[in-house]
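What follows is each chain in one-letter form.
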Amino acid sequence: MILNLKKSLSTRIVVNILLFCILLFVICLGTFYLFSKRTIEKKTTDYAIEISKNTVLEAEKILSNTEVISKNYIWLLEKMNMQPDSISNLTRTIVANNPTIQGCAIAFEPNFFPQKGYYFSPYSCHIGDSIVTHQIGNPEYEYFYMDWFQIPKFIRSSYWTEPYYDEGGSNNIIATFSTPFYTTSEAGKVFAGILTLDLSLEWFTEMISSVKILQSGFASVISQHGTIVSHPDSELIMHQTIFTYAKEIKSPDLRTIGRDMLAGNSNFVSAQLRDRQMHLFYTPLPTSKWSLIVAFPEKEMYASLKSTTFILIALTLFGLGLLIFLVQKIVRRQIAPLRVIAASAKEVAKGNFSTRLPEIKTEDEMRHLRDSFCYMQKQLTVYIEDLKNTTSAKEKIESELRIAREIQMGMIPKIFPPFPDTPQIDLYAMLQPAKEVGGDLYDFFLIDNDHMCFAIGDVSGKGVPASLFMAVTRTLLRSTAPKQLSTANIVNTLNRSLAAGNESSMFVTFFLGIINLKTGILTYTNAGHNPPIIIHSDAEPEFFETTDQIPIGLFDSYIYRQSKREIHAMDKLLLYTDGITEAENAEKALYSDHRLMQCIAKNKQHHPRGIIEAITEDVKLHVGHNEQSDDLTMLSLIYQV
Amino acid sequence: MAQKMGFYEQENLVVNIEHPSASINATTKLADHEADVISLFLVTAITARDQGVNLVNIGQTSQQSALLFITKKEHNIKTISDLNGKKIGIWKSGFDEIPKALIDNNNCSVEWVPILSTVNLFLIGGIDAMTVMWYNEYDVIVNSGFDPNELNPVFISDYGYNVPEDGLYCLNETLQTKKETLKRFVKASMKGWDYAALHREETLDTVMALMKRKHIPSNRSHQAWMLDRIIELQVPDEKSTIKGELVEKDYKLTQQILLNGNYIKTKIPFSDFHTPLLLK
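Chains as they are written, first to last, in the working numbering: chain F, 1 to 641; chain X, 1 to 280.
Since the hints were derived computationally from the structure, they do not count as laboratory data. A hint or two may mislead.
[Stated by the list, open to error] Derived contacts from chain X toward chain F, CB cut-off under 10 Å, selection only:
1) 87
2) 142
3) 211
4) 271
Heads up, the beta-carbon is just placed ideally off N, CA and C, and yes, glycines get one too.
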């Protein structure tokens, strides 16, 4: 599959476009999501804060109004000449005149009015549509020890009691606002009793219950000691404090929040409540020291964002799918001619240059490609035609060269042993041209019964010119040598003949030797050729002493000298061209004189043929797969008395 | 739990549990033969016996004192003597003998503020300290927003007043006539407590359901605290003591405290006061 994807240009284009689009989409959607999240968070938070503050404001109106009512009647109580009957009437008046007040008590210290006994606490309250007044103090209800009496007495200031159920009365949650009042005597201000105003919290809990934030967000109120006064879960109301609830749901965070609420602080926080992450805002109701908290789940806050994001992702995926389909279609249509051109190219490769190319009407790259291909087709036709002609000509030349080689090889002796009737001498030679025809030569022949002439040469350059020069040299040698026993004369004759009219300044390095078969005396002339090697039967092989004579064919006036040397019985001579010592391997390293000498030393016991074959193998080993760069020519002989 | 799990039934007992009201307390119910067995604090029982109610202890569920003075750390009250000159809230309904005896014996002069039932006066700072029960009011205070590290509890037991509390009592005449029945009752009751200790959640479910039926506001976390502490208080100091039996030295200590404080006049022997009904 991956291979197919890589192979198809259209698929690669589509994949690249798709990857880019996905990256773009992720960036855009990420930015949108983060920005929207922040906006939603801010709006919801602002809304929660606003709704909380409005609720607190509404509640405070009624709570503070209760305090104002209390303050007014306290003033009246402390100013008036307090009489038991008027006190009873006063509680009734307070309830009648203030519809928000559910009940009112004016409770006195024990025996405050001796004529009324130990307890005196008239209490008026609404029961149905009427107002009922009665005394609430008796041995079973010693009001002096109730919170609503005792706490304001001790703290000498007003006190909102903890909310409580008015069972059997209004059956509502009631909070009592208690204020101490005093009489003035000679001893100063003396505590006289408590004025209480009962406030039904029905309106309050309704107001709190009506607060809705998102789907399940709600508001709750806790009292100054943490009791839950209002909550959507009625099981919690008056049963739990925020701290017991925090313990039950194992949320230390909520306990911390509760303590901060009781401290009268306001804050916006996030906390884990049960299994939900909730955002909470709390703010105090300063009058009663209660605290309002609104809570809404984080999940709901981002619900709309999540659904929007989901729709966006779905739409984008659909869009991407459509994009892939269209791009694939367009790209395929656009590159369709490429397939035809590719098929045509195959046909062209098969030699069918007249293959028809698709017609392209648009002036675009495809048209240029088609035109270029068409041009290439035409050029190829011309080129192939030229090539055919050239190949034909080349084949002709090669054929001629093959003939030339056959002629050249026919010119050098190849029958071994060459002189079966002459036991004093055995000889073997080899010429392996680098190209079809080479410029190396060797020759040997008997001048008379006692003298054998042998030669080796290397014509400068290669190929046909060199082979022709070689043929001329060999022909001249054959025509000159039988009349001479002086190698110097022979070489000088050869030099003059070759140098005459040598316009192309070709030359031959040449070694010529004549060995006296009876005495073993070797007369030789070395014209710039590699020094031959004498292979002693009883000593290490060695190079002949070299002379500094120049190759023949260059200057007709040059006079060559000859040297003499005795060849002992069973000594061998090896003559070779530089094709041997300068044979190169792939690393351009030469075979070298040194390695040649080593090879000879290793094989010196062999007869000439064995030595030459050993050297040939060694050179082949050295060269390896490298192409043979020069002719390989060797001649070896053994003198046997 | 003994009632719910049928432990009384298993002992061929028909038991009806009644709660005292504000006007008729448990002792009155016993004296008036409205109840055969009642649960009382040891202090209350000794005082009632002194006042002529011929009751006897037939079982002691509590073996430790749970009484303490709770103070706010900010008041820096660490010992009893630090309470000198302070306003201390104390239950108006009773159980005040031991704290008062302790304060008197330490030559402290304090202002006792009788309190009906809530801890609000303490919470709001109207008093400096308050006598509370470790298993009840202490947790109510914590549940009102005070962290334990903001409170200094002064345990009365730390001052040699480890007076056990709840016990089971009946009239002497009932003991004489229904001894075997009472034995089975005490046995089943203690079995109920053992069951509660081993089945905490079930016990809490039962209590919560009962309170809901009776419209008594409460919550599970506070009830859990109460149950755990009550179970702890039932463990005797000495291994030789049978769980559910009143220890003689505890009785004598309580009696002496009450005599010293002139709460009682006569010294009743332990054997007259306590009849062990649980098998050793």
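How the hints compare with the structure:
no.: 1; hint: 87; in the structure: holds (8 Å)
no.: 2; hint: 142; in the structure: holds (7 Å)
no.: 3; hint: 211; in the structure: holds (9 Å)
no.: 4; hint: 271; in the structure: violated (38 Å)
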